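Trainee: Which chain is which? The protein sequence lines are A and B, in order.
Note that full-length UniProt numbering gives residue 118 to position 118 of the first sequence, counting from 1, and the numbers run on in steps of one.
Note that full-length UniProt numbering gives residue 261 to position 261 of the second sequence, counting from 1, and the numbers run on in steps of one.
No wet-lab data here; the hints were simulated from the structure.
It cannot be assumed that every hint is accurate.
Identical copies carry no separate label here, and so any pair may be met within one copy or between two of them.
As the list claims (entries may be wrong) - When the alpha-carbon atoms are kept at most 16 Å apart in a straight line, the in silico EDC-like pairs for lysine to aspartate or glutamate are as follows: (1) K154 <-> E168; (2) K270 <-> D34; (3) K154 <-> D129; (4) K270 <-> E138; (5) K154 <-> E132; (6) K51 <-> E84.
Small disclaimer: the values here were computed from a predicted structure and weren't measured.
Protein chains: 2
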Amino acid sequence: MTKEQLVQQIQEKSSFLCVGLDPDLQKIPAHLRDLEDPFFAFCKAIIDHTKDYCVAYKPNTAFFEARGAAGWQSLEKTIAYLNETCPNHFIIADAKRGDIGNTATQYARAFFEQMDCDAVTVAPYMGRDSVEPFLAFEKRFCVLLALTSNQGAKDFQTTREEAPLYEEVLTTSQTYAHSERLMYVVGATKAEYLERIRQLVPASFLLIPGVGAQGGKLDEVCAAGMNKEVGLLVNSSRGIIYASSAEDFAQVAGEQARVLQQQMAEELKKQRVFS
Amino acid sequence: MTKEQLVQQIQEKSSFLCVGLDPDLQKIPAHLRDLEDPFFAFCKAIIDHTKDYCVAYKPNTAFFEARGAAGWQSLEKTIAYLNETCPNHFIIADAKRGDIGNTATQYARAFFEQMDCDAVTVAPYMGRDSVEPFLAFEKRFCVLLALTSNQGAKDFQTTREEAPLYEEVLTTSQTYAHSERLMYVVGATKAEYLERIRQLVPASFLLIPGVGAQGGKLDEVCAAGMNKEVGLLVNSSRGIIYASSAEDFAQVAGEQARVLQQQMAEELKKQRVFS
Chain A
1 MTKEQLVQQI QEKSSFLCVG LDPDLQKIPA HLRDLEDPFF AFCKAIIDHT KDYCVAYKPN
61 TAFFEARGAA GWQSLEKTIA YLNETCPNHF IIADAKRGDI GNTATQYARA FFEQMDCDAV
121 TVAPYMGRDS VEPFLAFEKR FCVLLALTSN QGAKDFQTTR EEAPLYEEVL TTSQTYAHSE
181 RLMYVVGATK AEYLERIRQL VPASFLLIPG VGAQGGKLDE VCAAGMNKEV GLLVNSSRGI
241 IYASSAEDFA QVAGEQARVL QQQMAEELKK QRVFS
Chain B
1 MTKEQLVQQI QEKSSFLCVG LDPDLQKIPA HLRDLEDPFF AFCKAIIDHT KDYCVAYKPN
61 TAFFEARGAA GWQSLEKTIA YLNETCPNHF IIADAKRGDI GNTATQYARA FFEQMDCDAV
121 TVAPYMGRDS VEPFLAFEKR FCVLLALTSN QGAKDFQTTR EEAPLYEEVL TTSQTYAHSE
181 RLMYVVGATK AEYLERIRQL VPASFLLIPG VGAQGGKLDE VCAAGMNKEV GLLVNSSRGI
241 IYASSAEDFA QVAGEQARVL QQQMAEELKK QRVFS
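Looking at chain A on its own, in the form it has when it is part of the complex:
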């Protein structure tokens, strides 16, 4: 998918919602647990009921890997189902990979060729030759960790007052080949940093987790983070997929997604992006 196609989807749906798919056997509804492939059944139902309200899905590979090869198969099935039924949705493998040259290319092949995802999340620690192999794929994106929303972010990302590590990641990565295919993870609990981040990467899409459960506020995020192409994908995982653990979980998930979509439609009007 191209960035222009993503922006068009956002405009058509008045939504920049990304739904995170973190299937957990302890949390999915009891009536699914004994199925042959409970993770796929769960994700499929969530997708069917939320797809009208979101423009992106973000399966978290860790949850699938925790079930071994069977989990990896559920992941492949989920992504194949997305490509089949939601061809205009942006699919982000939340894999947080990061390794050198040839190994990075293997990861890129796993997610872009084997599974046909549009993007993969990548950790920046190893620098240029761990990121550029992902950027070499046309119409695919590398979502680089910049400023994350967890407590541990302060260990390394923000220790320096002047040019903290996350700023260094933003500016240095913009010099990489095909940096136009870079997006960045920016935790919404750090809304106060968003203005600065927008100065450093004015054109890049930001993937924002943590609105809701982790306390980020949508209006503050939009005021500080939107650019003239929206430039935001706001992710919600648990707040949608685990809103109910009863048999109606998928309907409730759809309802939660719709509530967020309506808030986003309001923000798009307020920020006058498409007007």
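Dock chain B against the given chain A, drawing on the hints supplied.
Mentor: Showing chain B alone in chain A's frame:
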């Protein structure tokens, strides 16, 4: 496996060699490519011929993932075979994972519980709550990226003269709960940094890739990096597993491993670790 058991293995074999398993369909011998599971066949033959000369194996998950669910099955089979035939070898999943709390626990479960690996490589970017979930598992280890051997390492790891990022990673991570179960990746091409690193983490094992192919020298690494329990695992991947692409590839791999083991035995004598 405990650290004491690992040290005992090193002493018994006079070897601190780790063999990296990076199976690549383009590089494995032609006669294996049409087998039902070429990756497992390749890894099994390599293991059978090198196990007497090494104390650790490091399967690189990227190469397996690039073949999708089938590749993940090959990885599971390879690790099961290692646990069955080499119960005293230390198994490192070279996965370079790194994500927050609950997600990190899922990754730890994938590699420690589903597959029964002894260790997994982890990227430090997200800080404490992305590392401690791995350290919570007894007799398992988290091998944290510190100073890597690739070109891109200079993008972030060594940019500052004073307290560069890799030093910050070493010292901060030592404050994490169960830091006695931390090891660190230190590229051997950076042998000049090893003395400083030993000051910062005197007791930790270091996983050293890049001796050989990437130009690090074993004697320099040992002189600067060994501690009183050896404290080093030196990895070789391509130099062993792709030493030959003919039908005798496994024998040649074994021979290469033996040459390295003998060099290591010399170094152990020279450094008088066990005497």
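Trainee: Going back to the hint list, which numbers does this structure go against?
Mentor: 2 and 4
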